[in-house]
Amino acid sequence: MKGVPLDWAYVAAFALLGSLLAALPFAVVWLLAPRSSYSQKRLTYESGVIPFGDAWAQFHVRYYLYGLVFLLFDIEVIFIYPWTVVLRQLGPLAFVEMLIFIVVLAVGLAYAWRKGGLEWT
Amino acid sequence: MIGLGHYLVSGALLFAVGLFAVLTRRSAVAILMGIELMLNAANINFVAFTKFVSPELVRGHIAALVVIALAACEAAVGLALVISAYRHLETVQVDEINLMKW
Amino acid sequence: MAEAVAFYGLTAVALGASLVVALSRNMVHAAVSLIPVLLSVAGYYVLLGAEFVAAIQILIYAGAITVLILFVILLTEGATGVRVRPRNEQVSLGALVCLFLAALLVAVLTRTPWPQTQGALPEYNPGAVGQSFLTAYVLPFEVTSLLIVACLVGAIVVARREA
Amino acid sequence: MMAEAIRVVLSVVIVFTFVAVGVALFLVLMERKVSAWVQARIGPRHVGPYGTLQTLADLLKLLQKEHILPAGADRLMFGVAPVVVAVAALMSYVVLPWGPGVIVRDLGVGVLYFAAVLSLEVVGILTAGWASNNKYALLGGLRSAAQMVSYELPLGFSILTVAAIAGTLSTVRIVEAQPYPWYTYPSVLLAGLVFLVAATAESNRIPFDLPEAESELVAGYFSEYSPLRFALFQLGEYGSLFATSALFVTLFLGGWRGPFGIPFVGPVVDGLFWFLLKTYAVVFFFMWVRWTYPRFRIDQLLNVSWKLLLPLSLANLLLAGLLVAWSG
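Residue numbers (the working numbering), protein chains in the order written: chain A, 1 to 121; chain B, 122 to 223; chain C, 224 to 386; chain D, 387 to 714.
Where hints are given, some of them may not hold.
As the list claims (entries may be wrong) - Here are some, though not all, of the chain A residues that point toward chain D, as calculated from beta-carbon distances under 7 angstroms:
(1) Y10
(2) A13
(3) L17
(4) G18
(5) S19
(6) A22
(7) F70
(8) F73
(9) Y81
(10) T84
(11) R88
(12) G91
(13) P92
(14) L118
Said to hold, decoys possible - Here are the in silico distance ranges between beta carbons for each label pair:
(15) C:A326 / A:L32: 50 to 56 angstroms
(16) C:L369 / A:R114: 17 to 23 angstroms
(17) B:N219 / A:V28: 53 to 59 angstroms
Hints were generated in silico from the structure; no laboratory data involved.
This one's a predicted model, so the numbers in the text were calculated from it and none came from an experiment.
For glycine and all other residues, C-beta sits at the position ideal for the given N, C-alpha and C.
Please take these sequences and the hints and turn them into a complete structure.
This is the structure:
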């Protein structure tokens with residue numbers, strides 16, 4: 001194993017061993033901490049009032065609109081990251097291509113702005 | 122030694138699971154998730170073919186990246202439709218959204 | 224050896240988690256299980272030398288699309304904890320179709336003699352991808368921007384509360 | 387093979403130990419000292435000399451406390467979410483260049499990897515908020531997610547601006563491309579400013595700390611989290627604060643290079659010294675801001691990102707591209 005897979009073996013190790021190390025102290029808690037559970041204790045915190053209804057309520061659509069605009073602008077970076085690497089080699093041609101790309105997207109941003117997709121109402 | 126065949130089989134199995142989700146799930150969001158699984162399965166094949174069949178021009182990588190972009194667009198519009206349907210019909214279960222049926 | 228271990232490990236995670244996506248009764252569980260699937264597919268890309276695609280897979284799929292899916296689940300009835308029937312009445316038929324398709328695909332894919340070559344991937348992955356996008360594949364690249372704008376407009380029109 | 391495996395394990399253990407001691411424990415203490423300094427108080431002073439062992443004592447206390455699973459919570463998700471947040475923060479340390487040749491792994495897609503891993507934290511936070519079965523927590527989680535995704539874009543574009551000027555994604559080579567002709571590009575300065583603002587928001591700190599605004603939402607997405615899981619969130623939060631500060635140093639402040647070499651210690655220690663010095667200075671800046679400014683309202687906060695920083699950083703990226711494409 002070498003090259004790219006080896007590089008990412010480190011990443012995988014960080015993910016797996018990291019989770020293990022992060023979970024390890026739980027063993028200490030399991031050994032040391034007291035355990036007693038009764039329904040009053042497990043009540044969720046609602047400023048001292050007994051919780052009413054379900055916490056899993058529905059939320060406003062504006063969260064979705066921000067997520068949506070984010071996702072669509074996040075797609076751009078697929079193309080911009082490789083562009084940054086070859087920009088110096090390819091010169092003005094690459095710049096003009098990216099200019100067109102971003103101007104088109106700016107139209108989209110302007111539309112979202114005009115239509116109030118970016119308003120917290 | 123892991124070869125092309127391994128990746129293709131794995132992709133095919135993932136595709137089948139995604140298809141199963143699309144065919145049997147009632148919730149529209151879950152169906153979208155099934156579609157994402159299928160798109161991922163296709164992407165595995167693109168990238169695997171790039172490595173084993175024509176590596177020089179990374180054509181498969183380009184295809185996979187465009188597919189990821191399309192998947193994101195699809196998810197955005199699909200989920201917008203789900204939200205709109207939920208607002209009007211108060212359900213996201215596709216077999217209950219049958220206004221056009223009767 | 225290490226490659227085989229990595230491959231089978233990733234396959235186990237990908238298929239296991241994708242079954243949770245397809246079967247779980249709880250929508251949030253299904254959406255969160257999508258993440259291990261996507262990350263293992265990124266792992267495949269790494270094994271296949273497609274470092275850039277793997278990173279994009281994590282950034283866009285695992286970090287953005289999943290968040291949007293979770294948002295929608297929380298915005299609609301998935302969040303209310305209402306227990307609904309998760310599957311329709313086509314389960315057995317669907318399972319049959321999928322098994323058949325899987326068997327067919329596996330048979331076809333493993334028996335076809337693919338024209339394998341001994342060529343090597345370009346040294347630096349993002350560079351090669353950038354070269355292709357800006358020269359040979361400039362049309363898909365530019366058209367994608369139009370597609371994104373179209374999606375943005377469409378999705379905002381659909382999702383916004385009508386005035 | 388064997389040597390490589392040992393190196394892998396060692397690097398994980400070393401980085402994790404550093405994150406636990408040099409980042410989480412130390413930064414919590416530093417935060418309390420800085421806040422005391424800003425508010426003309428003394429801060430912790432009883433445990434250890436000048437209170438330096440205070441956070442260690444806190445940690446020992448947390449280890450003996452009971453875990454409480456809130457009623458109606460989702461057991462699995464509730465347990466997994468804090469681990470995801472902490473590990474995502476930890477994973478970003480793979481590409482940080484501590485000194486010349488001192489890096490866990492110089493990935494070819496370095497800064498892209500950093501952005502990708504950072505974006506995973508959002509999922510953990512959202513899940514934590516949902517799994518708690520608490521209204522404050524869910525609202526905090528949603529707000530946090532909306533805020534983090536909003537600021538991810540300006541952050542990403544300022545990283546891209548630097549990458550375009552350096553012509554590479556590798557963090558090591560970005561450091562090597564500095565300082566000249568680095569600062570002759572006006573885009574670098576602007577990108578740095580955008581990065582600072584976006585990084586503050588990305589780590590959910592005042593003036594962008596709405597997700598855990600105590601006066602409105604108790605403690606946001608970790609309202610229901612008791613001892614050790616709470617500690618893991620703290621680890622994740624301070625871990626990513628340090629990592630973003632270190633990335634800022636890497637991208638804009640010359641990384642491990644210092645204004646002058648330290649005699650007799652060799653390049654590695656010299657590099658480590660300057661890198662840590664600069665990074666802790668940036669961390670101090672974030673803390674200083676936190677204890678000086680009031681909090682934004684959420685609409686103001688999102689407007690700053692979408693209507694100011696995003697167009698600005700896009701234009702800045704194009705400016706950088708123009709300069710690079712024509713001047714070479």
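Status of the hints after comparison with the structure:
Hint status for Y10 of chain A: holds, given a least beta-carbon distance of 4 angstroms to chain D, under 7 angstroms. Given the 7 angstroms rule on beta carbons, the hint for A13 of chain A holds: about 5 angstroms separates it from the nearest Cβ of chain D. Hint status for L17 of chain A relative to chain D: holds, with the closest Cβ pair at about 4 angstroms, below 7 angstroms. This hint holds: G18 of chain A has a C-beta 5 angstroms from the nearest C-beta of chain D, less than the 7 angstroms allowed.
A distance limit of 7 angstroms between C-beta atoms decides the matter here; for S19 of chain A the minimum to chain D is near 5 angstroms, and the interface restraint holds. Nearest Cβ of chain D to the Cβ of A22 of chain A: about 5 angstroms, under the 7 angstroms cut. The hint holds. Taking 7 angstroms as the C-beta contact cut-off toward chain D, the hint placing F70 of chain A at the interface holds, the least distance being around 4 angstroms. Against a cut-off of 7 angstroms between C-beta atoms, the interface hint on F73 of chain A holds, since the closest Cβ of chain D lies about 5 angstroms away.
About 5 angstroms separates the beta-carbon of Y81 of chain A from the nearest beta-carbon of chain D, less than 7 angstroms, and the hint is met. With a cut of 7 angstroms, the hint placing T84 of chain A at the interface with chain D holds, because the nearest CB-to-CB distance is about 4 angstroms. The criterion of a C-beta within 7 angstroms of any C-beta in chain D is met by R88 of chain A, whose closest approach is roughly 5 angstroms, and the hint holds. Because the beta carbon of G91 of chain A sits about 5 angstroms from the nearest beta carbon in chain D, less than 7 angstroms, this interface hint is met.
Here the hint on P92 of chain A is kept, as its CB sits about 5 angstroms from the closest CB of chain D, short of 7 angstroms. For L118 of chain A, the shortest C-beta to C-beta distance to chain D is roughly 5 angstroms, which falls under 7 angstroms, so the interface hint holds. The supplied range of 50 to 56 angstroms is met by A326 of chain C and L32 of chain A, whose beta-carbon atoms lie about 54 angstroms from each other. The beta-carbon spacing between L369 of chain C and R114 of chain A, approximately 19 angstroms, falls within the hinted interval of 17 to 23 angstroms.
In this structure the hint that N219 of chain B and V28 of chain A lie 53 to 59 angstroms apart at CB holds, the actual value being about 56 angstroms.
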